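K.L.:
Position chain Z relative to chain S; hints supplied.
Protein chains: 2
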Amino acid sequence: MRITIDKVKFINSINIVNKATSKKPNLNTSGCILIDATKGYIRLLANNEDMAIQSIVEGEISEEGMVGVNADQLKNLIVKYPDGKINIFYNEREDDDSINVLIENNNIKATIPGKEGYLFNDIPEIDRNKRLEISQYALKDIIRRTIFCTSLNSINKILEGELFIIKNGILRVEAVEQSRVAIRQIEINNNEIDERLIIKGSSLNELIKIMSDDTEQNIDMYFMKDNVVFEFDQNIIVMRLIEGNFFDSSNLKYKDYITKVDINKRSIYECLDRSTLFANDGDKKSVKFVITNDNLNINVISQTGALNENIEIAKEGDDIEINFNPKLFIDALKAIDDETVTIYLLGKKFPCFIRKEDTYNYVILPILG
Amino acid sequence: MRITIDKVKFINSINIVNKATSKKPNLNTSGCILIDATKGYIRLLANNEDMAIQSIVEGEISEEGMVGVNADQLKNLIVKYPDGKINIFYNEREDDDSINVLIENNNIKATIPGKEGYLFNDIPEIDRNKRLEISQYALKDIIRRTIFCTSLNSINKILEGELFIIKNGILRVEAVEQSRVAIRQIEINNNEIDERLIIKGSSLNELIKIMSDDTEQNIDMYFMKDNVVFEFDQNIIVMRLIEGNFFDSSNLKYKDYITKVDINKRSIYECLDRSTLFANDGDKKSVKFVITNDNLNINVISQTGALNENIEIAKEGDDIEINFNPKLFIDALKAIDDETVTIYLLGKKFPCFIRKEDTYNYVILPILG
Numbered sequence: 001m002r003i004t005i006d007k008v009k010f011i012n013s014i015n016i017v018n019k020a021t022s023k024k025p026n027l028n029t030s031g032c033i034l035i036d037a038t039k040g041y042i043r044l045l046a047n048n049e050d051m052a053i054q055s056i057v058e059g060e061i062s063e064e065g066m067v068g069v070n071a072d073q074l075k076n077l078i079v080k081y082p083d084g085k086i087n088i089f090y091n092e093r094e095d096d097d098s099i100n101v102l103i104e105n106n107n108i109k110a111t112i113p114g115k116e117g118y119l120f121n122d123i124p125e126i127d128r129n130k131r132l133e134i135s136q137y138a139l140k141d142i143i144r145r146t147i148f149c150t151s152l153n154s155i156n157k158i159l160e161g162e163l164f165i166i167k168n169g170i171l172r173v174e175a176v177e178q179s180r181v182a183i184r185q186i187e188i189n190n191n192e193i194d195e196r197l198i199i200k201g202s203s204l205n206e207l208i209k210i211m212s213d214d215t216e217q218n219i220d221m222y223f224m225k226d227n228v229v230f231e232f233d234q235n236i237i238v239m240r241l242i243e244g245n246f247f248d249s250s251n252l253k254y255k256d257y258i259t260k261v262d263i264n265k266r267s268i269y270e271c272l273d274r275s276t277l278f279a280n281d282g283d284k285k286s287v288k289f290v291i292t293n294d295n296l297n298i299n300v301i302s303q304t305g306a307l308n309e310n311i312e313i314a315k316e317g318d319d320i321e322i323n324f325n326p327k328l329f330i331d332a333l334k335a336i337d338d339e340t341v342t343i344y345l346l347g348k349k350f351p352c353f354i355r356k357e358d359t360y361n362y363v364i365l366p367i368l369g
Numbered sequence: 001m002r003i004t005i006d007k008v009k010f011i012n013s014i015n016i017v018n019k020a021t022s023k024k025p026n027l028n029t030s031g032c033i034l035i036d037a038t039k040g041y042i043r044l045l046a047n048n049e050d051m052a053i054q055s056i057v058e059g060e061i062s063e064e065g066m067v068g069v070n071a072d073q074l075k076n077l078i079v080k081y082p083d084g085k086i087n088i089f090y091n092e093r094e095d096d097d098s099i100n101v102l103i104e105n106n107n108i109k110a111t112i113p114g115k116e117g118y119l120f121n122d123i124p125e126i127d128r129n130k131r132l133e134i135s136q137y138a139l140k141d142i143i144r145r146t147i148f149c150t151s152l153n154s155i156n157k158i159l160e161g162e163l164f165i166i167k168n169g170i171l172r173v174e175a176v177e178q179s180r181v182a183i184r185q186i187e188i189n190n191n192e193i194d195e196r197l198i199i200k201g202s203s204l205n206e207l208i209k210i211m212s213d214d215t216e217q218n219i220d221m222y223f224m225k226d227n228v229v230f231e232f233d234q235n236i237i238v239m240r241l242i243e244g245n246f247f248d249s250s251n252l253k254y255k256d257y258i259t260k261v262d263i264n265k266r267s268i269y270e271c272l273d274r275s276t277l278f279a280n281d282g283d284k285k286s287v288k289f290v291i292t293n294d295n296l297n298i299n300v301i302s303q304t305g306a307l308n309e310n311i312e313i314a315k316e317g318d319d320i321e322i323n324f325n326p327k328l329f330i331d332a333l334k335a336i337d338d339e340t341v342t343i344y345l346l347g348k349k350f351p352c353f354i355r356k357e358d359t360y361n362y363v364i365l366p367i368l369g
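Quick mapping for you: the protein sequence lines, in order, are chains S and Z. With the working numbering, letter number 139 in the first sequence gets 139, and the count goes up by one each step, no holes. With the working numbering, letter number 235 in the second sequence gets 235, and the count goes up by one each step, no holes.
It is possible that some hints are incorrect.
As the list makes no split between identical chains, a pair holds if one copy fits it or if it spans any two.
[To be verified] In silico BS3-like cross-links for lysine-lysine, where the CA-CA straight-line distance does not exceed 30 Å:
no.	residue 1	residue 2
1	K327	K85
2	K288	K109
3	K80	K19
4	K334	K19
5	K327	K75
6	K334	K109
For the record, the hints were derived by calculation from the structure and aren't laboratory data. The structure presented is a predicted model; accordingly, all values stated were derived computationally and were not measured.
Only chain S is shown next, with the shape it has when bound in the complex (with noise of 0.2 Å):
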């Protein structure tokens, strides 16, 4: 293999196949991107369990062949190197079967081990059948705005991903965790697609960050049975669909309320800012919200002191006093931009839903005090 790659370009693919790039030491490919010249194009490819990235980056193939290299050792050299063309090529030891890969400039000549071509598995071949193409910001917008209520780490790797419900015009994204439920959906311009998938979040946390935030680019989504394909510019990320039934949110009413409060979004989210300061980990990180007339105070006491705060609202309901774990409000009221938001309580002990009629619905349980 013999190539010639502008350093600014090479960086940008690698540092897109890199989201894709294990870290566990069970591979011989781990950690590793496979700079691929064979196909009468270059690309750089990477994968792990969960997801695979393809990225094809422009340049000059003056022989064939492809190679891998360690992604973090391969990155941080070429970021170091001057702007400019790189050439990269390789020779295999006689002696004993290793790969030294040289990347040259004019003065500048490294080598780093390389890996045999061979050992890397290929992406799997794309069924462009059902297709989706929507706007980048859209999909990367709703995403965020959802992905905080996934699991890292569950024993139901369900909690580990997001439902994406697509039906009728609609992409419905659903992430669920141990005390709460984020909601999003948005319209989309395609009555056709009629699919229901699983996709782990900690993949789509990946995606967001290549995406970009143009409103004006789209990415295409192909369904397939056990994959779902993402493509955009040069590259194609396919992830693996996670199987099972996920937690179904048609139980969330909150239509029984007993209480509904107007309050202005910033207010709320300043003040429980504040009462993080004092609802630390030992004290069961819990303030109480006393709802009363025109008036929300929130109020916690804890080891290290204790904060007061009194807010305006528009109640309608019954006066109400109710326990949250502040993080779980302040993640939520994150996820939203609204000027005004509008809480739905239903009692003590119940669910607390933070909604907008067919654009989000975040749900967040009390805590029992």
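P.N.:
Coordinates of chain Z only, in the frame set by chain S:
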């Protein structure tokens, strides 16, 4: 005590005195800031074993008094207050002698524990006889460009300090480590002061975080028997001097050099930066310089790969091969702004000088390979 302070001004003063709060848990006032409103103005005060800082903050006193509070707790809370006026007062609880400090604005009432003001050591009385007025920028700059050569924890306390020599209108600062020396000097507008003092590097490091980068603003230094005092704006910083004999830099004689090299600073800096990827701990952290005619070849071979680069130079004197820890070279080059640097080599086993007459002198010992 009952005082009213503007939030933004309060935070600013907390951040300043916080640089002198002690993290050592041996004192009842460790990690605490004293809020003192007994002298007709409001001042914050903190000190540790090496330095003390007082900062005067504008505000209204409606009742005199003083109280100590945990610095981190105070800072974390005030940062989360809305902008505007904050009232601070305290209640002594009759039942258990504890103090509650109340921090309020309109709707927010926070309470944190306080400590008796008499527990705090005050700053010593300042003798303003010997005074040097110097630009904050110049002082900050000379410290910043030498301080990386002070040791953080040394059996020899002298090595934790920087030597300040003020004489004949020159301020000279020297720092020494096991394998390197940093010396910088500047002209000052004062021929009267004749002082030689050693100041702890960690204290100077906190000082430069507080000082302005504005070239128009000055700082006053006062020289006392056991202390040096810095005064600017509404702040007083008192540092305890280190006693002892500093390394004698007059023994550093570069004039017997056998090789003199002029080199583009950026070229050698970037090359050495790349070399650190290969000169890892396990390989004694050394790179080889091979100087021949108009070429400097820098190369390193390690378990993780190899790097070989050539840089154009202007050379006088002998060809030479010499090994360096690239980190030490990089630190010195970082402290120099010149486009071209001049390196003096005395031999494979002797110190190397990167120097500019009357301005700087960075000395690095080679690694004996």
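K.L.:
Now tell me if each hint is right for this structure.
P.N.:
Each hint, compared with the structure:
Only between protomers do K327 and K85 lie at most 30 Å apart by alpha-carbon distance; the minimum there is 27 Å, versus 49 Å within a single protomer. Only between protomers do K288 and K109 lie at most 30 Å apart by alpha-carbon distance; the minimum there is 15 Å, versus 64 Å within a single protomer. For the identical chains of this complex, K80 and K19 are intra-copy neighbours only, at 20 Å inside a copy versus 35 Å across copies, given an alpha-carbon limit of 30 Å. Proximity of K334 and K19 under a CA criterion of 30 Å is satisfied intra-copy only: 25 Å inside one chain copy versus 32 Å between copies.
Taking CA atoms no more than 30 Å apart as the test, K327 paired with K75 passes between copies only; the shortest distance there is 20 Å, against 36 Å inside one copy. Taking CA atoms no more than 30 Å apart as the test, K334 paired with K109 passes between copies only; the shortest distance there is 24 Å, against 49 Å inside one copy.
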